[in-house]
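As you go down the protein sequences, you meet chains A and B in turn.
Using my numbering, the letters of the first sequence map in sequence onto residues 13 to 479.
Using my numbering, the letters of the second sequence map in sequence onto residues 13 to 479.
These are calculated hints, taken from the structure and not from any lab test.
All the given hints hold, so there is nothing to weed out.
So the derived list for chain A, only partly shown, Cβ under 8 Å to chain B, looks like this:
| # | residue |
| --- | --- |
| 1 | R47 |
| 2 | E71 |
| 3 | E97 |
| 4 | W100 |
| 5 | T102 |
| 6 | L106 |
| 7 | P125 |
| 8 | L129 |
Below, computed lysine-lysine pairings styled on PhoX-like, alpha-carbon distance capped at 25 Å:
| # | chain 1 | residue 1 | chain 2 | residue 2 |
| --- | --- | --- | --- | --- |
| 9 | B | K85 | A | K36 |
| 10 | A | K202 | A | K477 |
| 11 | B | K112 | A | K41 |
| 12 | A | K36 | B | K86 |
| 13 | B | K140 | A | K327 |
| 14 | A | K112 | B | K36 |
| 15 | A | K52 | B | K140 |
| 16 | A | K140 | B | K341 |
| 17 | B | K461 | B | K202 |
| 18 | B | K36 | A | K85 |
All C-beta atoms, glycine included, are put in the ideal place defined by N, C-alpha and C.
Protein chains: 2
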Amino acid sequence: MEHKKEDFSEWYNEVVESAGLVDKRYPVKGMHIWRPYGWKIMHNIDTYFREIFTDYSHEEVNFPLLVPETEFKKEAEHIRGFENEVFWVTHGGLDELDIKLLLRPTSETAMYPMFSLWIRSHADLPLKIFQIVNVFRYETKQTRTFIRMREVHFFEAHTAHRTYEEAEKQIKEDIEIWKKIARKLALPYKIVKKVEWDKFPGAIYSLGVETVMPSGRTLQIATFHQYGQNFSKPYDIKYLNEDGEHEYVHQTTFGMSERLLGAMVGIHGDDRGLIIPPEIAPIQVVIVPIVTKKKKEVLEESKKIRDELRESSIKVHLDDRDNYTPGYKFYDWELRGVPLRLELGPRDMEKGQVVLVRRDSREKIFASREEYVEKIKTVLADIQDNLYNRAKKDMEQKIVNIESLDEIDNVEGVAAVPWCGSEECGHEIEDRTERRIIGSPIEEENAKKCVICGKETRKIAYVAKPY
Amino acid sequence: MEHKKEDFSEWYNEVVESAGLVDKRYPVKGMHIWRPYGWKIMHNIDTYFREIFTDYSHEEVNFPLLVPETEFKKEAEHIRGFENEVFWVTHGGLDELDIKLLLRPTSETAMYPMFSLWIRSHADLPLKIFQIVNVFRYETKQTRTFIRMREVHFFEAHTAHRTYEEAEKQIKEDIEIWKKIARKLALPYKIVKKVEWDKFPGAIYSLGVETVMPSGRTLQIATFHQYGQNFSKPYDIKYLNEDGEHEYVHQTTFGMSERLLGAMVGIHGDDRGLIIPPEIAPIQVVIVPIVTKKKKEVLEESKKIRDELRESSIKVHLDDRDNYTPGYKFYDWELRGVPLRLELGPRDMEKGQVVLVRRDSREKIFASREEYVEKIKTVLADIQDNLYNRAKKDMEQKIVNIESLDEIDNVEGVAAVPWCGSEECGHEIEDRTERRIIGSPIEEENAKKCVICGKETRKIAYVAKPY
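Start from the sequences and build out the full structure, keeping to the hints where you can.
What follows is the structure, encoded as C-alpha cells:
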C-alpha cells in the first residue's frame with residue numbers, strides 16, 4: 013500500500029477499495045458500488061442516527077426521489093444554487109414527460125409542499141423529521157469515494173418552528189446531537205459559520221462542521237442551516253398562532269453524508285489500512301487461532317471464546333479459514349481495520365491466557381481467561397478514546413494562527429486569519445492565498461487587525477483548501 | 013371508514029392514509045410519502061430480511077441507481093420487457109448526457125457487469141448477495157399504494173452458481189426462506205410456476221408467490237427466477253472450473269417489495285382499521301390508562317408496567333396524552349392496528365390486575381399483575397398464529413376447483429382449471445374468461461380433462477384477476 017504520509021490521496025484511493033469498502037469500477041462516473049463490509053459500516057452509522065434522532069423526538073419519513081420542475085423552481089436562490097448540478101428525468105418509456113422531474117440533490121423542494129399541507133396550527137409545531145436516502149448531484153469536478161460523488165448516501169433532518177428563536181434553539185440542539193455523533197465516529201471538528209457567499213442556497217446562515225484531513229485539506233462533514241422564513245413563504249407553510257393569526261414557520265435543516273465515512277477512513281487509517289472506531293465497527297474483535305499443533309483443541313477453545321464474547325454483546329468474528337496462515341490473517345484484518353485481534357495458540361491455552369493486539373497502537377496485551385472479557389471491554393473503550401484524542405491533537409496542530417498573509421505559504425492545514433468580516437476583504441483573502449475561507453469560528457477571539465484593511469476585529473477567518 | 017366487505021378498494025385506499033402509513037398527496041403520480049408509522053413497519057420487515065438472508069449466507073451490497081443505456085441493452089428479452097416502463101435521465105445540469113442513464117427497474121443490468129469482474133474461479137461461487145433499494149417503473153395503469161407504484165421499495169437477492177442444479181437448489185432454499193417470511197407477516201400464499209408468456213423477461217422460468225386479497229383478486233408478493241445462463245452469456249460472467257475450463261455461471265434471483273405491506277393491510281385489516289402481526293408491529297402493546305380518578309397513581313403504575321414490558325423486550329407504548337379520552341385512544345390505536353391494548357384503571361389497581369384487549373378478536377382478558385408479562389407473550393404469539401390461520405382459511409375458500417369454463421362466473425377468487433399446458437389452450441382460457449392464468453401449482457394433481465381441448469392432464473391453471 014502507498015504510504016499515507018507521502019501521498020495521502022493515493023493512499024486513500026487505494027485503501028477504500030483494498031479494505032473492501034467499495035468497488036469503483038461501476039461504469040458511471042462518481043457512482044460506486046458499496047461492498048458488504050463498507051455497507052455494514054455505513055449501516056451501523058445509519059442505525060446510530062436513527063437511535064439518536066429518535067431520542068431527540070425526530071420521526072423518520074421517506075420522500076420520493078423525483079421532484080417536479082414546478083416545485084423545484086419556487087425558491088429563487090435555491091434554484092440558482094442547484095440548477096447546474098441536477099440530473100433531469102425527461103422521458104418515461106418512450107414518452108416525453110409533460111413536466112420534467114429531477115433527482116433530488118437534497119429534499120427541501122420535495123418536502124416543503126407537503127409541510128404546507130401538514131402544518132395547520134401551533135399544535136403541529138415543532139415538526140421534526142428526518143430521512144436517510146441517496147441524493148444525486150451532477151458533479152463536474154473530479155470525483156472521490158465518499159467525498160465527492162454523484163450518488164451520495166445522505167442524512168437530512170428538517171424542522172419547522174413557530175419563531176426564529178425556537179429555530180435557533182433547534183440548531184443548538186443539533187450541535188448537541190452532533191457532539192455525540194463525533195464521539196461515536198471519533199472525529200475531531202471545528203464548527204464554523206460559513207461566509208455569505210458560501211452559505212446554503214436559500215439559507216439565512218449556514219454552520220459547517222469542518223474536519224482536517226491528513227493532507228491538510230478541510231472536509232465539511234455536517235451542516236446546520238437556519239432558513240428562517242425563506243422557504244416557508246414561497247412554499248406557503250403557515251400556522252394559526254394562539255391569537256388566531258396565520259404566520260409563516262421558521263425552518264432549519266441538519267445534513268450529513270457518507271463523507272463521515274471518508275473522514276473516518278482518512279483520519280484514523282495508517283499504512284496497514286483502516287482503523288475503525290470500536291463503536292461503529294462491524295467486527296470489534298477478530299479471533300485468530302494459532303494452529304500449528306493441537307489444532308482441534310485450539311479451534312474448539314476459540315469457538316468457546318467467540319460464544320462468550322457474543323454473550324457479552326461484543327461483535328466478534330472467528331477466522332477459522334483453513335487455507336490461510338495466521339500471518340496472512342493478521343494482515344487481512346489489519347487492512348480492514350478491526351480494532352482488536354485476539355490470538356490463541358496451544359501455549360496460551362496452557363497458560364490459561366489470550367493475547368490481545370490493539371490495532372491503533374499495535375500494543376500486545378496478555379489477559380487471563382478469568383478476566384479477558386472485562387479486559388476487552390476496557391481496551392475497546394480505550395481505543396475509542398485514543399482514536400478521538402490523537403486525531404484531535406493532530407487536527408489542532410494543523411490549525412495555525414497567522415497575522416499576515418505573508419505567512420500563509422508555511423501553513424499546510426488551516427490558517428486562522430484575523431478578518432474584519434467584510435465581503436471585500438474576504439474575497440481579497442481568497443484571491444491572494446488561492447485558498448478559501450471555510451468559515452469563522454463561532455466564538456469571538458481577542459482583538460486583532462484584519463490582514464487586509466487593518467481594521468480592529470475579533471473575527472477570525474479559517475483559510476484552507478477544502479475538498 | 014368504508015366497509016371492507018362492501019367496497020374493498022375504497023376501504024384499502026382510505027385505511028393506508030388514515031392509519032398513518034402514507035400520504036398520497038405528493039405531486040407525482042404513483043409516488044407517495046412514507047409517513048413515520050408506515051416506514052417503521054417497512055423498516056421492521058427490512059430488518060428481518062437482513063437477519064434471515066444473512067443467516068443463509070447472503071451479503072448485503074448497494075448498487076448505484078443509474079444504469080447506462082449500453083449496459084441495459086445487452087440482454088434482448090430483458091430490454092423488450094422493460095423498455096416501455098423505464099424512466100430516462102437525459103440531462104445533467106444544462107448538459108445533454110453522452111450516454112443516457114435509466115433509473116433501475118430492477119438491478120440485473122447494474123449488477124451483472126460487476127459479476128463478470130468479481131467471479132474468476134469456482135472458489136468465488138456461489139456468490140449470494142442482496143440489496144434493499146427503491147426501483148422505478150413508469151406505470152401507465154392506475155396506481156395503488158404499495159401495490160402498483162412508480163417508485164417501489166424493493167428487495168432483490170441475486171446468486172451465481174457453477175451448475176444449473178446448484179441454481180435449482182438455491183431456489184429450493186429461497187422457498188424455505190420465503191416460508192419463514194410468510195409466517196412473520198402472517199400471509200397465506202400459493203407458489204405457482206408462471207406461464208411462458210408471463211415469466212420474467214430473460215428468465216428460463218419464474219415462480220410466483222401469490223396471495224388472494226379480500227376482493228378476490230390475486231397479488232404476486234414474491235418471485236423466484238431461474239436465469240440459467242441467459243444473463244451470464246451476454247454479460248460474460250465466467251468462472252474457471254476445476255478442470256481449468258471457462259464456464260458461464262447459472263443465476264437466480266429472489267424479489268419482494270412493499271407489496272408485502274399491501275397484502276398485510278388488505279388481508280388482516282377490518283372496518284376498524286389495520287391489524288398488524290405482532291412480530292412486525294412497531295408497537296405490540298399500547299397502554300391506555302383509564303384516568304377519571306386517582307390520575308396520578310394510575311399514571312405512575314402505567315409507567316411501571318411500561319418499564320416492565322420493555323425489560324422483557326416487548327415493544328410497548330404508553331399513551332399518556334392528556335387531551336384525549338380513553339375512548340378516542342381505543343379508536344386511534346385500533347385504526348393503527350396495534351395487536352394488544354392494555355387498560356389500567358383505579359379498580360384494576362385495587363384488584364391487582366390489568367385488562368388486555370386483543371385487536372384480532374376483540375376478546376377481553378384479565379391478567380393478574382403477577383403473571384401479566386407471561387400472559388402478554390402468550391397472547392401475542394396466539395394473535396400471530398390466529399392471523400395466519402384465519403387468513404389461510406379465507407384464502408383456501410377463495411380457490412375453487414372447476415371443470416368447465418361455464419362455471420367461472422360463480423368464482424369470485426381463483427378458479428383452479430384443468431389445463432393441458434399448451435400455449436394455445438392457455439390463451440383461449442384467458443380470452444374466454446377475461447381473466448389471467450396467474451400460474452400453475454408446482455405439485456401435480458389427479459388426472460382431469462383440459463377445459464379447452466379435452467386432453468387428459470395433471471396440470472392445473474389458476475385463473476384469476478391479478479392486481
